[in-house]
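S.K.: Protein chains in written order, with UniProt numbering: chain H, 1 to 467; chain A, 1 to 467.
FYI, nobody ran anything at the bench for these hints, they're computed from the structure. Errors might be hidden in some of the hints.
[Claimed, not checked] If you want the footprint, here are the derived chain A segments under chain H, 3+ residues with CB under 8 Å:
id: 1; segment: 123-130
id: 2; segment: 136-148
id: 3; segment: 180-186
[Unchecked claim] Some chain H residues near chain A, calculated using beta-carbon distances under 8 Å:
id: 4; residue: 122
id: 5; residue: 143
id: 6; residue: 145
id: 7; residue: 184
id: 8; residue: 197
id: 9; residue: 213
id: 10; residue: 321
[Claimed, not checked] Have a look at the derived ranges for each label pair, beta carbon to beta carbon:
id: 11; chain 1: H; residue 1: 198; chain 2: A; residue 2: 41; range: 15 to 25 Å
id: 12; chain 1: A; residue 1: 361; chain 2: H; residue 2: 135; range: 14 to 24 Å
id: 13; chain 1: A; residue 1: 363; chain 2: H; residue 2: 399; range: 49 to 59 Å
id: 14; chain 1: H; residue 1: 197; chain 2: A; residue 2: 278; range: 18 to 28 Å
id: 15; chain 1: A; residue 1: 41; chain 2: H; residue 2: 10; range: 16 to 26 Å
Virtual Cβ for every residue (Gly too), placed ideally from N, Cα, C.
2 protein chains.
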Amino acid sequence: MDEQPEESRTGTRIEAVMAVIRSRIAARSLLTGARLPSVRLQARAMKVSVSTVVEAYERLVAEGIIRSQPGSGFYVSGPLAPFSLAEIEPKLDREVDPLWISRQSLEADDGVLKPGCGWLPASWMHEAGMRRALRALARAGNGELADYATPLGLPALRGVLARRMAASGIEAAPQQIMLTESGTQAIDLICRFLLEPGDAVIVDDPCYFNFHALLKAHRAKAVGVPYTPNGPDIEAFTEAVQAHAPRLYITNSAIHNPTGAVLSPVTAHRLLKLAERSNLVIVEDDIFADFELTPAPRLAAFDGLARVVHIGSFSKTLSASVRCGYIAARPEWIESLADLKIATSFGGGRLAAGILLAALTDGGYRKHLETVRARLAGAMETTVARLGAIGITPWIVPKAGMFLWCRLPDGIDAAAIARTCLKEGVVLAPGNAFSQSGTASGFLRFNVAQSTDARLFDVLARALAVS
Amino acid sequence: MDEQPEESRTGTRIEAVMAVIRSRIAARSLLTGARLPSVRLQARAMKVSVSTVVEAYERLVAEGIIRSQPGSGFYVSGPLAPFSLAEIEPKLDREVDPLWISRQSLEADDGVLKPGCGWLPASWMHEAGMRRALRALARAGNGELADYATPLGLPALRGVLARRMAASGIEAAPQQIMLTESGTQAIDLICRFLLEPGDAVIVDDPCYFNFHALLKAHRAKAVGVPYTPNGPDIEAFTEAVQAHAPRLYITNSAIHNPTGAVLSPVTAHRLLKLAERSNLVIVEDDIFADFELTPAPRLAAFDGLARVVHIGSFSKTLSASVRCGYIAARPEWIESLADLKIATSFGGGRLAAGILLAALTDGGYRKHLETVRARLAGAMETTVARLGAIGITPWIVPKAGMFLWCRLPDGIDAAAIARTCLKEGVVLAPGNAFSQSGTASGFLRFNVAQSTDARLFDVLARALAVS
Numbered sequence: 001m002d003e004q005p006e007e008s009r010t011g012t013r014i015e016a017v018m019a020v021i022r023s024r025i026a027a028r029s030l031l032t033g034a035r036l037p038s039v040r041l042q043a044r045a046m047k048v049s050v051s052t053v054v055e056a057y058e059r060l061v062a063e064g065i066i067r068s069q070p071g072s073g074f075y076v077s078g079p080l081a082p083f084s085l086a087e088i089e090p091k092l093d094r095e096v097d098p099l100w101i102s103r104q105s106l107e108a109d110d111g112v113l114k115p116g117c118g119w120l121p122a123s124w125m126h127e128a129g130m131r132r133a134l135r136a137l138a139r140a141g142n143g144e145l146a147d148y149a150t151p152l153g154l155p156a157l158r159g160v161l162a163r164r165m166a167a168s169g170i171e172a173a174p175q176q177i178m179l180t181e182s183g184t185q186a187i188d189l190i191c192r193f194l195l196e197p198g199d200a201v202i203v204d205d206p207c208y209f210n211f212h213a214l215l216k217a218h219r220a221k222a223v224g225v226p227y228t229p230n231g232p233d234i235e236a237f238t239e240a241v242q243a244h245a246p247r248l249y250i251t252n253s254a255i256h257n258p259t260g261a262v263l264s265p266v267t268a269h270r271l272l273k274l275a276e277r278s279n280l281v282i283v284e285d286d287i288f289a290d291f292e293l294t295p296a297p298r299l300a301a302f303d304g305l306a307r308v309v310h311i312g313s314f315s316k317t318l319s320a321s322v323r324c325g326y327i328a329a330r331p332e333w334i335e336s337l338a339d340l341k342i343a344t345s346f347g348g349g350r351l352a353a354g355i356l357l358a359a360l361t362d363g364g365y366r367k368h369l370e371t372v373r374a375r376l377a378g379a380m381e382t383t384v385a386r387l388g389a390i391g392i393t394p395w396i397v398p399k400a401g402m403f404l405w406c407r408l409p410d411g412i413d414a415a416a417i418a419r420t421c422l423k424e425g426v427v428l429a430p431g432n433a434f435s436q437s438g439t440a441s442g443f444l445r446f447n448v449a450q451s452t453d454a455r456l457f458d459v460l461a462r463a464l465a466v467s
Numbered sequence: 001m002d003e004q005p006e007e008s009r010t011g012t013r014i015e016a017v018m019a020v021i022r023s024r025i026a027a028r029s030l031l032t033g034a035r036l037p038s039v040r041l042q043a044r045a046m047k048v049s050v051s052t053v054v055e056a057y058e059r060l061v062a063e064g065i066i067r068s069q070p071g072s073g074f075y076v077s078g079p080l081a082p083f084s085l086a087e088i089e090p091k092l093d094r095e096v097d098p099l100w101i102s103r104q105s106l107e108a109d110d111g112v113l114k115p116g117c118g119w120l121p122a123s124w125m126h127e128a129g130m131r132r133a134l135r136a137l138a139r140a141g142n143g144e145l146a147d148y149a150t151p152l153g154l155p156a157l158r159g160v161l162a163r164r165m166a167a168s169g170i171e172a173a174p175q176q177i178m179l180t181e182s183g184t185q186a187i188d189l190i191c192r193f194l195l196e197p198g199d200a201v202i203v204d205d206p207c208y209f210n211f212h213a214l215l216k217a218h219r220a221k222a223v224g225v226p227y228t229p230n231g232p233d234i235e236a237f238t239e240a241v242q243a244h245a246p247r248l249y250i251t252n253s254a255i256h257n258p259t260g261a262v263l264s265p266v267t268a269h270r271l272l273k274l275a276e277r278s279n280l281v282i283v284e285d286d287i288f289a290d291f292e293l294t295p296a297p298r299l300a301a302f303d304g305l306a307r308v309v310h311i312g313s314f315s316k317t318l319s320a321s322v323r324c325g326y327i328a329a330r331p332e333w334i335e336s337l338a339d340l341k342i343a344t345s346f347g348g349g350r351l352a353a354g355i356l357l358a359a360l361t362d363g364g365y366r367k368h369l370e371t372v373r374a375r376l377a378g379a380m381e382t383t384v385a386r387l388g389a390i391g392i393t394p395w396i397v398p399k400a401g402m403f404l405w406c407r408l409p410d411g412i413d414a415a416a417i418a419r420t421c422l423k424e425g426v427v428l429a430p431g432n433a434f435s436q437s438g439t440a441s442g443f444l445r446f447n448v449a450q451s452t453d454a455r456l457f458d459v460l461a462r463a464l465a466v467s
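Excised from the complex, chain H in its bound form (with noise of 0.2 Å):
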């Protein structure tokens, strides 16, 4: 046989797969840093010898597109490969992409209406409760004013959460708590924790938008599972656990968001069924339990916090300006996750915790929540009825809490009203942000809390009548 003809049949092929690679990453189907297909699985892709590939991949080592990483495979280089949320997928509408409207509510001045926003005014916190709790700590020990906190977090109000926990059912010794810097640095921990990058995590579809950045970041795979009035479509979650064997589900205890709904004791007890045959760990994001007024079943009570781990904060009722959340879980998972938080955070420090301690104990809280509560009971029915006025109808009418999730009038897109919206200083939020499927553009979450302002409702009947 003739060596020639072979050799140039090699040197095509292996040039095909430099193309293809090549395309890939232009076309952004390969982004900066993500890992090339296997060798083996890139050769039977394209029906190549191993060693084709592996001559392929080389020579793009050295044109410097891929960079080799021993032992873990190829990767697309880049100027320095930063790591963008951005780019892990194809750009969205800005309008939708959950930080971008993180952000707008974040960044948004005082002129701005926040309807899309995810929590109340400043003025229906507790400023008067956060004020006592300021001097008190002014006059604190000097330990509480200058020393880290220990890894767990202040013992008392570790005390404090277990009894608040009792209340609701769910049994958690002050050692099987710890407290973290935000309900979000406690999901952030239990993914670090449990995540390996590639892993699948369902959610709800809706679901809190940070929730798709959070998983972003972990280069996890969110999988979408559609929310019923009671809770998750179990059908659906069966079919979604057993398509992607997902490690983790992240869910809303109580009120769930954007919906408002709550979770059923029926299917509660199905997913807890279903969690235990398939190794599946609970995230149970309870941040919206001082909103309830007739209290919602908790996963971690049926569970006993055996593979549900329980989080929460006092951001959405007491203050967002101090930060402070808690984890409760099993006690062998409290002592990797406070390894875990010294190592990224070292451990946090003592006087948010004091200040919480100090406003949470304070006899002024109940009374608060008894005002906000209220409050958003009015809002919620006045905010129904405009919205009803110009066509804007709820998906339900939550018991409780800030949130309504709303449909707009047959095809509109809610993200071509967030768009107009915005231009006349109005940050709304439109539902595919909360859609990992993508098919809530006819959806608007609204916090009724922010919607007191007659100007919205021109501003909305307005970008409706145009769209």
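Please build the complex by placing chain A on the supplied structure of chain H, with the hints as guidance.
M.R.: Frame of chain H; chain A shown alone:
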């Protein structure tokens, strides 16, 4: 050819591959959650065919010993395969485990002496300033008490930080500065932004031990480069860059932890040239800045924040109880870092930044620093003398700061001394906790501000005598 023997030979080979993987798991050289060698690598290593390894892996999956992650590879499964820092590498002696020292220091009660801890006693911190700041915040606007921070954090504080940096020759506009919840979170966000799992990162040997824990949490590979009294050993640094193609170098500017050494201008210049040639990003951790008597060179000042990221906090000089750090970096990096901060901790609150701003701009902070520097200088002199009397000698006598890196008498093991002293209520910081290469077993790091109690030297002398 008879088919039977061939099949049986294949069967034997499959079993051999399975046995090798099983024994590596049993020996904990493959830990729960670890990725198995790729099919191709394993085939090459064992001189068997790819299909043999595929079959062996598939049988191990069926046995539940490993799991397949489509498109990613095979992983050792476990009950839930949670990620534990302690499991990543063979368990160290708990006494030289970075997390152990952090936890001992954070947990130690008031009767315990902590010469090994990395912060000042509460009574040395800015108590009066903190009390004034808390009283000022108790009278602040309601937004400061109730609201989330903007994505980059309190503009007035970023302005103060920009002016402070300008005084060290670092030009950073306020929009190039982002507040974080701590200096540690600042480095953590940078690692999230720039590192892929498996990436190499250069650290000083010795270095701040929590860098090791942080890099483990990122599944990055720490590569130690010997530290000299003038900064890292440039020859060893050059070799490390060539051998490991690191993405990052993390170091302290000004006063180095644990040695108290200071980077010389010549070393700084060489480092930056090397970084430029090899596309290396440098994280300069400046948390000890305010202890300096005469300002040392800052890498960020030479480099103009091109490839140096400058971070800091006031946990060491003002209060560790109020959590607030910062990052100064290229403007386009700050954008992505802000997205990552929102995704993983929702941006922080306004309170900590407000307290910090009040305490920093209060005329008392400068006076407090003068007092602290003078006390440290006194404690340094006394501690050097007292240690010298029992045969413990400083590697160098630092010009400023709290750390003294000391050599024990020949043949004495610091971990053994630490173990003995812990029983007598003294928490030490043995050298190998700081050393990637494990070559500092004859060293201890002393915090001179935590070494003022004469009992410490009695306990140490007795421990030396029995070892």
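S.K.: Please go over all the hints and tell whether each is borne out by the structure.
M.R.: Cross-check of the supplied hints:
1. 123-130: As far as the segment 123-130 of chain A goes, the hint holds, because 5 residues have Cβ atoms under 8 Å from chain H.
2. 136-148: Three-residue rule met by the segment 136-148 of chain A, so holds; n is 10.
3. 180-186: Coverage by chain H holds for the segment 180-186 of chain A (5 residues, Cβ < 8 Å).
4. 122: Status holds, d = 4 Å.
5. 143: Cβ of residue 143 of chain H sits 5 Å from chain A, so the hint holds.
6. 145: At 4 Å from the nearest chain A Cβ, residue 145 of chain H passes the 8 Å test, so the hint holds.
7. 184: 4 Å, holds
8. 197: Where the cut-off is 8 Å and the nearest Cβ of chain A is about 6 Å from residue 197 of chain H, the hint holds.
9. 213: 4 Å, holds
10. 321: 4 Å, holds
11. H/198 x A/41: 15 to 25 Å: 19 Å, holds
12. A/361 x H/135: 14 to 24 Å: 21 Å, holds
13. A/363 x H/399: 49 to 59 Å: Since the Cβ atoms of residue 363 of chain A and residue 399 of chain H sit about 53 Å apart, the hinted range of 49 to 59 Å holds.
14. H/197 x A/278: 18 to 28 Å: Given a distance of about 26 Å, which is inside 18 to 28 Å, the answer is holds.
15. A/41 x H/10: 16 to 26 Å: Since residue 41 of chain A and residue 10 of chain H have Cβ atoms about 23 Å apart, the given range 16 to 26 Å holds.
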